[in-house]
Amino acid sequence: MSTTTTKSPAHAAGPWAEQAITRAGTTREGAWALTRRKAAAGTLSTLSLPKREDELWRRTDFGTLEQSLAGLDPFAQSPTARNVDDLPAAVLERIAGEAGNAALVVQRDAGVVLEQTHPTLQKQGVTVCSLDRATREHEALLAPRFGSLLHDDYDWYTAMGASVRQGGLFVHVPKGVKAEIPVRMFHWIDGAGRLVAPRTVVVVEDGAEATILEEMLSETVEGASLHAGGVEVFVGANAKLTYAQLQDWGRNVFHYGNVRAQVAQDGELQWMQVMVGGRMTKANGYFDLDGSGARAYVNGFMFGDARQHFHLHTLQRHLKPHCTSDLLIKCCLKDKARSVYQGLIQVAEGAQRTDAYQANRNLLLSDQARADSIPGLEILANDVRCTHGATLGYVEPEHLYYLMARGLPRVEAQRLIVEAFFEPVIERIPLATVRDRLRGEIERKIG
Amino acid sequence: MSTEAEIDVRDGYAEKYGFHDTEQHVFKSRKGLDRDIVQQISKLKGEPEWMLEYRLKALDLFESKPMPTWGGDVAAIDFQDIYYYVKPTSEEAKSWEDVPEDMKRTFDKLGIPEAEQKFLAGVGAQYDSEVVYHKIKESLEKQGVIFLSMDQGLKDHPELVKQYFGTVIPSSDNKFAALNSAVWSGGSFIYVPKGVQVDVPLQAYFRINTKDMGQFERTLIIVDEDAYVHYVEGCTAPIHSSDSLHSAVVEIVVKKGGRCRYTTIQNWSNNVYNLVTKRAVAYANATMEWVDGNLGSKLTMKYPAIYMMEPGAHGEVLSIAFAGKGQHQDAGAKAVHCAPNTSSTIISKSISKDGGRAGYRGLVKVMKGAVDCRSTVNCDALILDEHSRSDTYPYMEIEEDKVTIGHEATVSKIGDEQLFYLMARGIPEDEAAAMIVSGFIEPIVKELPMEYAVEMNRLIQLQMEGSVG
Chain A
46 MSTTTTKSPA HAAGPWAEQA ITRAGTTREG AWALTRRKAA AGTLSTLSLP
96 KREDELWRRT DFGTLEQSLA GLDPFAQSPT ARNVDDLPAA VLERIAGEAG
146 NAALVVQRDA GVVLEQTHPT LQKQGVTVCS LDRATREHEA LLAPRFGSLL
196 HDDYDWYTAM GASVRQGGLF VHVPKGVKAE IPVRMFHWID GAGRLVAPRT
246 VVVVEDGAEA TILEEMLSET VEGASLHAGG VEVFVGANAK LTYAQLQDWG
296 RNVFHYGNVR AQVAQDGELQ WMQVMVGGRM TKANGYFDLD GSGARAYVNG
346 FMFGDARQHF HLHTLQRHLK PHCTSDLLIK CCLKDKARSV YQGLIQVAEG
396 AQRTDAYQAN RNLLLSDQAR ADSIPGLEIL ANDVRCTHGA TLGYVEPEHL
446 YYLMARGLPR VEAQRLIVEA FFEPVIERIP LATVRDRLRG EIERKIG
Chain B
43 MSTEAEIDVR DGYAEKYGFH DTEQHVFKSR KGLDRDIVQQ ISKLKGEPEW
93 MLEYRLKALD LFESKPMPTW GGDVAAIDFQ DIYYYVKPTS EEAKSWEDVP
143 EDMKRTFDKL GIPEAEQKFL AGVGAQYDSE VVYHKIKESL EKQGVIFLSM
193 DQGLKDHPEL VKQYFGTVIP SSDNKFAALN SAVWSGGSFI YVPKGVQVDV
243 PLQAYFRINT KDMGQFERTL IIVDEDAYVH YVEGCTAPIH SSDSLHSAVV
293 EIVVKKGGRC RYTTIQNWSN NVYNLVTKRA VAYANATMEW VDGNLGSKLT
343 MKYPAIYMME PGAHGEVLSI AFAGKGQHQD AGAKAVHCAP NTSSTIISKS
393 ISKDGGRAGY RGLVKVMKGA VDCRSTVNCD ALILDEHSRS DTYPYMEIEE
443 DKVTIGHEAT VSKIGDEQLF YLMARGIPED EAAAMIVSGF IEPIVKELPM
493 EYAVEMNRLI QLQMEGSVG
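The listed protein sequences correspond, in order, to chains A and B. Just so we're aligned, residue 46 is where the first sequence starts under the numbering used here, counting upward by one. Just so we're aligned, residue 43 is where the second sequence starts under the numbering used here, counting upward by one.
These are calculated hints, taken from the structure and not from any lab test. Just so we're clear, the structure is a prediction, and the values are computed from it rather than from any experiment. The C-beta atom is built at its ideal place from N, Cα and C for all residues, glycine as well. Hints should not be assumed to be uniformly reliable.
When the alpha-carbon atoms are kept at most 20 Å apart in a straight line, the in silico DMTMM-like pairs for lysine to aspartate or glutamate are as follows [what the hints assert, rightly or not]:
no., chain 1, residue 1, chain 2, residue 2
1, B, Lys217, A, Asp371
2, B, Lys444, A, Asp99
3, B, Lys107, A, Glu98
4, A, Lys381, B, Glu441
5, B, Lys179, B, Glu134
6, A, Lys285, A, Asp198
7, B, Lys410, A, Asp350
8, B, Lys107, B, Glu95
Covered stretches of chain B (chain A as the covering partner; in silico rule of three or more C-beta atoms under 8 Å from a C-beta of chain A) [stated by the list, open to error]:
no., region
9, 183-196
10, 216-224
11, 424-431
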């Protein structure tokens with residue numbers, strides 16, 4: 046049912062989709078993928094922008110972005126990088142001389158500019174490439190999975206993203222292969238007024254293992270940009286995937302991200318969600334435990350300052366018996382920052398022996414900050430152990446005095462307390478250099 | 043005790059509460075809702091002009107507001123297929139002897155006069171749309187305590203009613219509050235003067251008798267400075283083939299240093315939609331406590347609220363929800379901290395069995411400037427079989443940093459070890475399960491006056507009968 050009027054900013058998306066379809070013809074996109082793109086454009090034309098009445102949009106207003114939506118450019122391209130030295134300096138700095146220790150895929154604005162797998166992974170038969178390439182070269186692996194967890198009709202932004210889709214990552218780890226080195230994906234936005242909508246698919250076959258780090262960064266510039274990406278992750282039976290998504294956009298970027306994960310029998314997913322950048326962030330992570338004995342461990346943190354706004358929505362879906370999920374989301378806010386954590390544990394009928402845990406901890410550093418916490422349980426089986434907890438507090442004066450009494454200045458004491466608050470989540474992030482950088486980022490933010 | 047597997051969870055309700063009297067009323071409005079009906083109700087009651095205007099305005103609001111899209115399924119309610127006003131007697135009886143014989147029988151069966159003599163400070167009994175009996179102890183009356191039906195309150199204390207009516211819950215609050223504001227009838231009006239401690243409970247009893255009837259009682263309680271009152275309400279209805287609607291509004295004002303406890307044992311039959319708005323405002327150092335037991339009804343959507351307006355105010359909600367076959371208990375609580383140094387505690391226990399759905403939906407809100415607030419929310423749910431469902435939706439909206447807020451919830455089944463422990467001591471399985479459930483809700487039941495605790499435990503036993511096949 047379309048309620049789109051000619052004045053709605055959503056109108057801009059129609060021509061984008063058409064243009065994207067034309068361009069896909071020239072970039073040799075796999076025929077099946079082009080068909081999907083057209084279908085997404087069709088779905089898009091039936092949807093309107095999310096409304097405030099929608100429970101998932103009541104607390105996050107993308108109004109400012111929607112005003113400038115029509116002016117965004119979804120096709121800004123940068124020339125392909127010959128090697129890492131052609132990458133933006135900020136990205137190079139993050140790689141921190143470890144380019145040789147990981148497979149690398151770098152997206153700059155609307156296109157992947159560097160795809161560089163690693164000889165070790167190549168030898169192991171692991172596929173690492175851009176999603177665009179995968180539509181041509183890995184149709185058999187990709188086509189049945191792409192869009193099977195993240196549906197175009199989820200909302201307007203998702204349909205729009207699927208119709209203008211550019212870039213993204215494809216990783217495939219064959220049966221029984223334990224990928225020896227990590228895959229790193231970087232997203233960089235070069236300036237204002239960009240619209241970037243990459244889609245990533247990761248397949249870890251039965252008994253395989255992999256580690257992936259996805260980092261998003263840009264400089265703060267004048268004028269809004271939108272990043273509307275989607276990630277679909279498939280963890281096979283007895284497989285293990287560690288995936289960290291780190292969002293550190295410049296303060297002009299609106300981030301809308303969807304994550305969908307499916308874990309099969311006795312598989313294990315370690316998911317890390319870190320959000321420190323951007324103007325406004327809206328992220329949805331759905332974790333399906335779809336085989337007996339599947340496990341999902343979700344850890345995340347948000348640290349907001351100035352007028353930053355973070356909204357994280359998670360679903361732990363226990364579809365089969367004997368599954369475990371454990372979620373911990375930490376949030377620290379200063380200045381006028383705002384956060385919304387909206388999480389739900391769903392236990393399907395028959396999913397007995399479920400063990401599910403959900404915790405949300407909030408630390409407020411200013412009386413202008415605001416945190417909403419909405420944990421929830423929907424349980425349709427009886428032999429379960431489901432617990433959730435949410436707390437909200439401030440830096441306790443006793444803790445401060447304890448440290449200050451030992452000679453630490455107030456600022457130092459507060460920094461220590463905030464660092465200690467985040468540390469349990471940071472510890473779980475792969476790669477020491479990334480952990481150290483995050484600690485530095487937190488320190489810088491505490492100021 | 044029965045051991046059959048397929049037994050209606052509300053087994054026993056039919057004999058104890060499910061009877062209905064032949065309809066004998068002095069007036070019954072036609073079915074449906076429009077301006078004429080509202081005008082008719084107001085005219086029959088001989089109300090002041092402002093109340094009629096208030097009702098008509100509320101009717102417009104009701105019509106303009108959409109149905110809630112969350113919570114339970116209310117789509118089946120046909121607002122035009124309901125009798126909005128059924129007047130059972132020509133006037134309120136002052137002595138039990140004057141209550142018409144059939145109604146007396148009803149309340150006798152439910153044990154009302156007995157309870158009054160034994161341990162109550164006052165009793166009100168509402169039958170369909172009107173309060174048919176009202177009585178308060180003389181000693182309290184002398185101290186200036188007012189305990190009247192809302193209609194009588196409006197007649198006898200128009201200024202007091204006008205000052206507070208609709209101030210805690212405006213008719214624009216939600217669709218069902220608007221509906222109640224348009225067609226309200228009956229309910230209690232209570233005023234406790236400064237410093238007066240009413241140390242035994244006041245009770246009201248609500249009964250729906252007529253088929254396809256809507257009951258819209260309206261209660262207003264004002265507890266003046268340093269005063270105390272405990273108000274208890276109970277509700278039952280006969281089992282009809284079609285559904286009834288109960289949509290009450292309860293407003294409470296607790297002034298500085300006052301304390302009010304409001305206890306509900308809701309035991310409507312399984313064909314009643316129970317959509318109720320309850321809210322209290324608590325001023326400096328005042329305490330408001332809601333004890334809310336929901337065992338009956340087809341669907342209950344009820345979230346007793348406390349707005350803590352001034353420093354030192356304290357709010358407490360103890361909630362029990364038990365959903366059996368065909369029941370959905372969407373119970374919960376709201377604590378809104380509007381001032382510094384306020385505290386709230388919410389404890390919820392929900393039980394679901396035989397395909398029932400019970401849950402907690404709540405809100406803890408801390409407004410800007412309300413520093414040094416504390417709030418604790420604890421929700422525990424027990425699911426007794428694999429077809430039943432439990433939901434927990436606790437909302438937390440915090441706009442202040444110097445606060446301590448905690449929420450915890452667990453969902454579990456009856457532990458096998460617990461069952462075996464009791465069964466090894468010769469207790470049959472169903473009794474053992476009932477004992478465990480009683481133990482589960484014990485922290486709340488112990489807050490009830492003794493007679494009600496006994497009643498509550500009995501109701502739980504009833505719900506539990508035949509629970510183990």
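Right, here's what the structure says about each hint:
1. Lys217/B / Asp371/A: Distance of about 39 Å is beyond 20 Å: violated.
2. Lys444/B / Asp99/A: violated (31 Å)
3. Lys107/B / Glu98/A: holds (14 Å)
4. Lys381/A / Glu441/B: Holds: Lys381/A and Glu441/B sit about 10 Å apart, inside 20 Å.
5. Lys179/B / Glu134/B: holds (17 Å)
6. Lys285/A / Asp198/A: violated (30 Å)
7. Lys410/B / Asp350/A: holds (18 Å)
8. Lys107/B / Glu95/B: The given pair, whose Cα atoms are some 18 Å apart, holds under the 20 Å limit.
9. 183-196: Check failed, 0 qualifying residues.
10. 216-224: With 0 residues close enough to chain A, the hint is violated.
11. 424-431: holds (count 7)
Violated hints, listed in ascending order, are 1, 2, 6, 9 and 10; each of the other numbered hints is respected by the structure.
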